[in-house]
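Numbering of the sequence shown is given in full-length UniProt numbering, commencing with residue 1 and proceeding in unit increments.
Hint data in this document are derived by calculation from the structure and do not stem from the laboratory. Keep in mind that a hint or two might mislead.
As the list claims (entries may be wrong) - With a straight-line cut-off of 25 Å between C-alpha atoms, the simulated BS3-like cross-links for lysine-lysine are:
no., residue 1, residue 2
1, Lys59, Lys28
2, Lys40, Lys59
3, Lys28, Lys10
4, Lys59, Lys10
5, Lys55, Lys40
6, Lys10, Lys40
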Amino acid sequence: MAIIFERYAKVTGCKIPVIREASIYENKENIGTEYRVAVKVMQQAGIMMGIDGNKFNPKGNATRAEVSTMSSADILSWLLHRKRHKALY
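Work out the full structure: start from the sequences and follow the hints.
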């Protein structure tokens, strides 16, 4: 999911906000190398924070509630920010 959101932002020209420092997940070796940047970006934006004990669960299933929360709140925020930014020009 991290890669989907990160690529969506790139394609639409939305800048993903950095609101916190990234921390290194205890099980970082479980995150595929091609996904690590996207996971870090989503973590810094406060969208994906991992599971108990500072671990990331790349093969786990997201619940409908988790997906809904991530997609509605954050993507709408990016889109609104983008529209406001374009309106200034």
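To see whether the hints hold, each was checked on the structure:
About 13 Å separates the Cα atoms of Lys59 and Lys28, which keeps this hinted pair within 25 Å; it holds. For the hint linking Lys40 to Lys59, the alpha-carbon distance of about 16 Å falls within 25 Å, and the restraint holds. The hinted pair formed by Lys28 and Lys10 meets the criterion: a straight-line CA distance of about 24 Å does not exceed 25 Å. For the hint pairing Lys59 with Lys10, the CA-to-CA distance comes to about 24 Å; that is within 25 Å, so the pair holds.
Distance hint between Lys55 and Lys40 is fulfilled; the C-alpha atoms sit about 13 Å from each other, no more than 25 Å. At most 25 Å may separate the alpha-carbon atoms for a hinted pair to count; Lys10 and Lys40 meet this at roughly 15 Å.
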